[in-house]
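Trainee: Spelled out from the first residue to the last, the chains are:
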Amino acid sequence: MHPTPTRRSFFSSLSKGLCGAALAELFTRDGLIGGGNADAATSGRHDLKPKPPHHPPRATSVIHLFMNGGPSQMDLFDPKPALDRYAGKTYPGNVEKIGNVATTQIGDVMPSPFKFARHGESGTWVSDALPHTAEIVDDLCFLHSQWTDHPNHDNALYKIHSGRLFMGHPSLGSWVTYGLGSECEDLPAYVVLDDPLGLPKNGVRNWTSGYLPPVYQGTRFRTVGAPVLNLTPEYEQPETIGSAAKELLERLDQTHRERRPNEGELDARIESYALAARMQLTAGDVLDLSNENRSTLDAYGVGDPVTDSYGRRCLLARRLVERGVRFVQIFLEDQPWDNHSNLEGTLKSACQRTDQPVAALIADLKRRGMLDSTLVVWGGEFGRTPTSQKVGNEYTGRDHNMQAFTSWLAGGGVKPGFAYGKTDELGHEVVENPISVPDFHATLLHAVGLDAHDLSFNRNGLEDRLTGVEKPRVVKEIFA
Amino acid sequence: MTRRVFAAVLIAVVTPVALADDPSPPGVFFEDQVEGLLLDRCVDCHMTDAAEGGLDLSTAAAVLRGSDSGSVVTAGDPEKSLLYEVVHSGEMPPDGPELDEETVSHIEAWIASGAKFRDPPPTAGPAVDGHDVIPILLLRCAACHGAELQRGGLDLRTLASLRRGGDGGPVAVSGASNESPMIERVEQELCPPQGQLLKYFVERPSSTEVATLRRWIDAGMPDAEDSERGDRPDAGAADADADADSPDADSSGPSHWAFRPLPRDVPIPTADANLKGNGEGVRDGEGVRDGEGVRGDGGQRDGEPHPVDAFIGRKLRERGLTFSPPASRSELIRRVHFDLVGLPPTADELERWESDPGDDWYERMVDALLASPRYGERWGRYWLDVAGYADSEGGQSADTVRPFAWKYRDYVVRSFNEDKPWDRFLHEQLAGDELAEFRDPDQVTESVVDNLIGTGFLRMTVDETGSRTMNFVPERLGLISDVLGVVSSGVMGVTMECARCHSHKYDPISQSDYFRFKAIFQGVFDEHDWMSWKQRRLDVASPEMAARRESNNRVIESQMKDLRSHRTSLVRSWQDRYYDREWGKLDESIQEEITVARKAREGRRTLRQDKLVRRFDTEIRPTEEVLVERHPELGEELRGLDGRIAALEERLEPEPTIRAAWDRGRPSPTYVLIRGEYDRPGRPVDPGIPAALSAGESPFRVEPPWPGAESSGRRLAFARWLTSPDHPLTARVLVNRVWGDHFGRGIVKTLDNFGAMGAEPTHPELLDWLARDFVDGGWSLKSLHRTMLLSRTYRQSSVRTPEADEVDPENELLGRMRLRRLDAEAVRDSLIALAGRLDPRAGGPPSPIVAREDGLIMEQPSHRGTYRRSLYLQLRRTEMPTLLTVFDYPEMQPNCSDRAVSTVSTQSLVLVNNARVHQWAGDFADRVWRQIPGDDAEGDGEEGDGEEADRQRLRLVYRMAFSRSPRPDELDAGAESLQRLGDLWRAAGRDAEDASREALVTFCHTVLNSAEFLYVD
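Each protein sequence line maps, in turn, to chains V and P. For the first sequence, the residue numbers in the numbering used here are 461 to 940. For the second sequence, the residue numbers in the numbering used here are 618 to 1634.
There is no bait here: all hints are sound.
Computed footprint of chain P on chain V, listed as stretches where at least three residues anywhere in the stretch have a Cβ under 8 Å from a Cβ of chain P: (1) 652-663; (2) 666-680; (3) 697-711; (4) 714-721.
Residues from chain V shown here face chain P by an in silico Cβ test under 7 Å; the list is partial: (5) A686; (6) L726; (7) Y733; (8) M739.
To be clear, the hints were calculated from the coordinates, so they are not data collected in a lab. In this text, all values refer to a predicted model and were calculated from it rather than measured experimentally. Note that the Cβ used here is the ideal one computed from N, Cα and C, for glycine as well.
Can you build the whole structure from these sequences, using the hints too?
Mentor: Shown next, in the form of structure tokens:
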């Protein structure tokens, strides 16, 4: 095992290969990294240098707790007593609008197997599937009126991550790092903590930089074993050699780059080396959870087999944001919230994996005074239907529902203990204050100081945006 | 839960014991006292409109249906009946007075006596026929009464065999489910037997299913409406209902371009002055010889531009653009080497092609590389991505290693090297078992074996069905779905996955299409007649192969045995020498103590015992490790022996086991599964192809592959249909993949999706022309490569210009080549090649990998200190070599059609810091040093000599790593760097010669980290 250097140990022992070079890098921020967005447009250069926001930001970092599969709003946050009233009956509205399959396959209205109660001073409704989240509702701001354009996972996932129904478009995290750069010189600006059990549906495309330069794509950190491998040199080499090698590499790459104008890819490459050098200094420290005390680890559920994996990732997310990482995204494998059958069991299991760590994260951020500057986003790609599907007596899950779903936000200047938007009496359609995906994105961008319209990228001679052509609505009502 | 209500109630009805022993007292019928009570006291809450807990007690039928949490009445057993329990305990009713004891006792009596009704509520639904019953029998019964086993002489796969009954007579009495033994056994839970559920991966039938069985029997056991098995014509047209929501259902011919048959003739745009010899393409005679007749040119005309250029050029002109100038000769040499063999040209190769005076040097270089066995290793790898190749079964827990998957990998490499016609290649992979009889040993030849190995294509997906808990029908269906996904997206460029659950939203693929497609594979992958991966293997070899293996291995094994025993005795002789000398020197008491200590188990020893054992193992009778450390000469001898043993092992012929897919000649009927759910069968379907694709001239026709064949011939029919000359997809999809791999992006960007959701082709006519030329030229991949590589389009420079970027920033029109990063395999293989440590061995079992504690995964070097090409490493899904994964080696879930290319700092970290990469850099430097040894260090002290040596070394480093000579300014700067690095190493205490060498290592290591090494122009 190779001990990772802390800043202090680094200064006391300068025998760590690239570290020496990293020092030079820190002190001489030369032409390697330069130029903001305006320059980038003309020079073809893109970097992670901090860029001024469009307006004063509410939050400087984002933690996106992505709940892939489509969590059921009426079983978690949006109680619908009418479900009980209509239980076992045909959906009273237009059946054609239900779900994503032929209407013959729609079942009857299905009550929630979970019990709802009011929590906190805000008296927010949360079901008993999320007992830990129930304890932090006074810090959360619920968006009950989200809707999206597609009832299939692949497309809805592309939509919620990149604003479009199809692959190849930059993700929200890429846009945010493109717009703001990074305030952390020694870690990637956009970190993805995916599930060691496997990739989510759509895989690595969920955090692609699309047509934006690759320097803005999400960097996956490993979540088993060492989060970052080969963080320090595994061979002996005097520090002086390391710096000389670093200079040599810069020269080789610059020469190569100069003869290949407009290749953003090569800038990203160069930047990735510079970042790698800086990561050696601090990343080891950041990623080492053994620096946390027992009570913190316990709070996040680290050590408990059910919550350990998600808890570690939540804790890691806090530590990354603490160091200035701009955008952290946590994914679950496949789609645990896709509760087509046995909703009671499968939804519960998804809750159990995440509930305690999520609540601990919010509480921890708050305790450390970080919640003001961090926007936490919890949600999936769509919601679920009030109906089940009738097959004998067996059908026990809910279908996809693109017409209504609930997400929540915390921190980042949103109103705590607040709920926005309404769905109909069965939770199937939005009836008040609808929030489209572009509205949602514009609102999140607004929180970090970016204007959805001004945040654009010239592509094929056209200005392309996360939120598309039509002007989205920033949901200003949710900001304190 | 709820299913039990029916089951239990019905058991009571048919159990004679309950009735005979306990003649019903009056009032035990529901209607007599229970119904009134429920209406009186319960329905306020438990009524249809507002049924608390989902329980409706207002009608007899509703009582039987139970609540959300299951049944409330278990006939014959009040203690297990929620209804009794809640009234007995006083929990219910919650309001008003508790029920009096007498009332409670009525309920108890009613349940105890079998919960009977004077007027039993109808359990009826719509009329049933045989198709309602067959899927249930297959799902719940066929494991013991099916193809593999016929317990009690009973086969329940067909209605005919059901009617025949078993050894004990009929199992169903038409019109009388109450008298039918099979119903009785099911309801009494004798069948499926409790103890065997997990053994045979069966679950009990649900109450709904049992009710269906009953209704079918009561209805007189009607036949299945259609014939059970597939002699209906292709069912495409027969499924109007399911196809109604598909865009192309109106059958006026496919509207989507990719579903229209491949045209017979694709006109090449006529040349014009812009393209014909304006000199742009033939600058300084660097082999850009448009118009020379080369095979694979698709009938290129003298003086006319290459057809590819004609198509590309026309579009460029339309947008006011032109081709870029040609790439330099050294750029082309590097580009084509990486492209065709995945390795940089060696210094000699570079020299050879750079100095080749022939006009046709480029064509000859392309041909030489296409003829290299390294070609198959490069291009076979692309196909392995499509197949989803892995050396392990995958899954959530065990991820067991697949011992024989590598034979398929080698088969793919071999097929590419042989330029096996693509249609033949597909036939073997999809239906190799139906091409020739393999069941008769006398007919087995090497090609028959190859056919079977080819079917490994269908066996590459994650397979968890060897596990104790993951072999139920849903898991099997998951595997089948993956296989169908690989075949449909990989070969046909059509996404069928969605149609498993519902008819496709955008593409004309209906749910019936999906299940017809599934039926094609039913003979191999039959969820009701399953083989786990443990059983799904064949030992097939021709008699000659078997004899060859036998004689070869006998000799080698005996040599290995000799060497091993020699090794053992060698070590022992050294140990004995120590022991004989040292043991006697010890006091007897110590001797005794040591003997006792050594017998004690490790961890149970006292501190003193531990010390004694350690002393024994180091001084008295040293272990091998200790001996080797103390006596290097022994170490050397042992390493020599180990090397010889390993070398022999490599020559062992592997077992004849094949991971194959083969038809077992008894496919179950295939039913549409509503929403893809395993226990929701819909209509039966016959094998068939998607209706929207049936417009071509070659119909899909299933015939036995040869008279009397055991195989159904379904997959062979499918493979033949796929490779018909006007098939809309097969050739288009393949040439597009090859184009994508050569040019960095497909003509259709979405390589695996030619459907409505896929991208439009940027050059549709070119795609059609290439596909047509490919098919008409005999499906030769090597010809296809040449067509593409000999074009001017391919030979352009990759340098961007602001003018072209303005019009075409993403280079869709191909006015230049694309700068591309090496993929994972090319990065690693190049590192090893430069280090001079590339193991030339092709094929065979994969090289083992080792996982370090922190999760870093690297391969073990061979006994020769060499490393094999990346495709020969063990590619276990959960333990992928780190160097490959950081450079975007994909997760195979189930396969990968198009790799992502990322640029992240973890890549830099591994190249900069990894010890193995650093060691390879050292080897690289050593090779250079060996060619240009020494310098002035010990000589006359003149600076100039050393610098000249440095310059020569630099030149070699550049030529090996970057495939070009350094420019003068680079030489100057490089020499300066080497001098400076040398000074620094000297300052760090190295002597002069050593410092120079170390400086070169540092330089080489830096070069391996540079962008120029990682990118190809």
